[in-house]
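Student: Whenever a hint applies, use it, and build me the whole structure from the sequences.
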Amino acid sequence: MEVVKISEKFFIQGNEACAKGALKAGCRLFAGYPITPSTEIAESLARDLPKVGGSFIQMEDEIASAGAIIGGSWGGTKSMTATSGPGFSLMQENIGYAFITETPIVLIDVQRGSPSTGQPTMAAQGDMMQARWGSHGDYEPIALSPSSVQEFFDFTIQAFNLSEKYRTPVFVMADEVIGHMREKIIIKDDIEIIPRIMPNKDESYLPFKNIENGTNPMPSFGEGFDIHVTGLTHDEKGYPDTNDPITHTKLVKRLCDKVLNNKDDICSIEAEDTEDADIVVISYGAPVRSVITAVKKAQKEGKKVGYIKINTPWPFPDKQIKKLASNAKEIIVVEMNLGQIYYEVDRIMKCQANIHLMGGIGGLLPNPDEILDKINKIGGI
Amino acid sequence: MRVEIRIGGFGGQGVIMAGIILGKAASLFDKKEAVQTQSYGPEARGGASKCEVIISDKTIDFPKVQHPDILVAMSNEALIKYIVDLKDDGTLIIDPGTTDISNVQDYINEHNITVYQSPATQTAVDDIGLKIVANIIMIGSIVKITNIISKKSAIKAIETSVPKGTEEKNIQAFEAGYNLV
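Going down the list, the sequences are from chains A and B. Going letter by letter, the first sequence gives residues 242 to 622 in my numbering. Going letter by letter, the second sequence gives residues 184 to 364 in my numbering.
These are calculated hints, taken from the structure and not from any lab test. Nothing here was measured: the structure is a model prediction, and the numbers come from that model. Backbone N, C-alpha and C fix where the C-beta goes; we use that ideal spot for every residue, glycine too. Check each hint, because a few of them may be wrong.
What the hints assert, rightly or not - Stretch by stretch, here's where chain A covers chain B in the computed footprint (C-beta under 8 Å, at least three residues):
#, segment
1, 189-200
2, 244-256
Said to hold, decoys possible - So these bits of chain B aren't anywhere near chain A, every CB distance computed over 10 Å:
#, residue
3, Ile-203
4, Gly-206
5, Lys-207
6, Thr-220
7, Ile-263
8, Tyr-290
9, Pro-302
10, Asn-330
11, Glu-350
12, Gln-355
13, Leu-363
Tutor: Right, here's the structure in full:
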């Protein structure tokens with residue numbers, strides 16, 4: 242008998258889709274401090290986590306929220322928090338701790354106008370460099386940016402998968418537009434979920450071993466292995482070893498390399514009509530929707546223009562962008578800030594193309610007609 | 184064909200719920216694409232509230248409404264504020280109990296706007312006995328006037344969106360709105 246694949250369909254907000262993605266990925270702890278425009282994620286999970294045996298904790302603040310999910314993860318539970326820029330700032334201390342302790346956690350940032358408390362109900366992408374460099378020291382974050390409600394669901398699952406696969410924090414850098422708008426999502430029944438890889442009961446196991454692929458299995462507290470977890474530079478066993486330059490270098494380089502050496506697996510971009518385009522427009526998150534509209538209009542007017550949609554701003558997909566935009570003479574970067582990912586594009590492409598920034602703040606999604614004007618202004622016949 | 188709809192009113196009138204139901208009906212039951220967005224201010228009730236829905240046969244790229252084909256005004260403030268965005272030859276649906284069309288009559292004539300009146304609030308009070316179903320009555324009128332979603336899908340979307348136990352009253356409200364225009 243043929244097995245009928247059942248898929249569920251919903252017409253819901255991006256934030257609700259994110260919560261559904263977390264549940265599907267196996268998240269069973271949410272600890273957070275609700276903040277606009279991310280609140281519906283906490284609301285949905287407060288309602289739904291207890292139904293599946295999970296836990297929801299409203300914490301006293303954001304640094305405690307990050308701390309609680311680190312603890313939850315070491316307790317053996319896939320864990321997540323959701324916030325916006327002001328809360329993301331407060332979490333940075335514990336985010337660094339999660340990187341050096343190699344704790345798989347997922348942090349959702351539904352970005353709003355900033356700096357500081359800024360514009361609670363308006364959209365922005367001002368936290369992209371904070372995701373990259375927000376905590377102190379050297380580390381290589383993974384971040385995904387959804388451009389639709391479906392992608393907010395898909396990328397939340399992907400974030401959990403990557404965090405387990407590479408034993409590292411993963412950010413989903415959404416924005417108010419995607420968080421609050423409603424669209425149809427389809428939940429298929431054959432979604433790949435990566436489980437936590439636990440160590441074998443083997444006496445030689447070291448939780449922070451400098452192995453070639455960089456990612457060690459991770460035990461949970463209470464299961465033996467004499468686990469010691471610290472934010473101090475530690476040896477392969479996890480014990481502090483703070484004065485040996487070699488220990489520190491090996492540890493931090495392994496943490497960076499396990500992401501950098503796997504960029505082909507982690508990085509994701511989508512491109513349309515870039516091969517013979519004179520102008521390539523690059524964007525990520527909600528503004529991609531404006532870019533596609535503008536590019537389609539420009540193509541109708543006979544312009545040789547294409548676009549690249551970055552799904553994973555971090556690690557920055559330099560190799561893929563270089564390849565796909567290799568023939569472009571002009572590159573326009575569209576983002577809802579005054580220039581963040583623009584500088585990454587400029588760094589890798591400035592030798593071969595003119596890089597233009599269309600950065601907008603104020604809270605509104607970029608107007609497709611303004612992007613079209615820019616395309617027309619810089620040529621592309 | 185991309186149709187842009189804007190519904191404006193006071194917070195608490197259920198204009199956002201009305202937009203959600205239209206979008207849900209189109210995307211889940213009519214096999215079209217739909218996006219719903221809303222303007223979102225700090226006030227929960229009494230302030231201005233705006234809900235936008237785009238319904239299309241094709242993928243919807245830009246998700247915001249710039250120039251609606253259809254404007255539904257459930258408050259005078261919304262009527263005055265948003266009529267200037269309405270496309271020429273567009274459709275205006277108003278609740279005459281909460282708006283005063285004389286304010287914008289010149290604009291309507293100049294831009295060849297077709298006006299429909301659906302006394303949703305009064306019908307909610309007089310016929311259903313529940314002021315809060317004015318939004319559902321308005322959906323009935325919108326469906327009848329514009330045909331952007333099927334009646335069957337609208338009813339299905341209402342049944343799956345309203346609180347359990349209130350389905351019957353809400354369908355009654357929808358039918359009342361459908362028969363008002």
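Student: Would you mind marking each hint as holding or not holding in the structure?
Tutor: Hint by hint, here is what the structure shows:
no., hint, result
1, 189-200, "violated (count 0)"
2, 244-256, "holds (count 5)"
3, Ile-203, "violated (6 Å)"
4, Gly-206, "violated (6 Å)"
5, Lys-207, "violated (4 Å)"
6, Thr-220, "violated (5 Å)"
7, Ile-263, "holds (22 Å)"
8, Tyr-290, "holds (23 Å)"
9, Pro-302, "holds (28 Å)"
10, Asn-330, "holds (20 Å)"
11, Glu-350, "holds (18 Å)"
12, Gln-355, "holds (23 Å)"
13, Leu-363, "holds (26 Å)"
Taken one by one, the earlier hints fail for this structure at numbers 1, 3, 4, 5 and 6, listed in ascending order.
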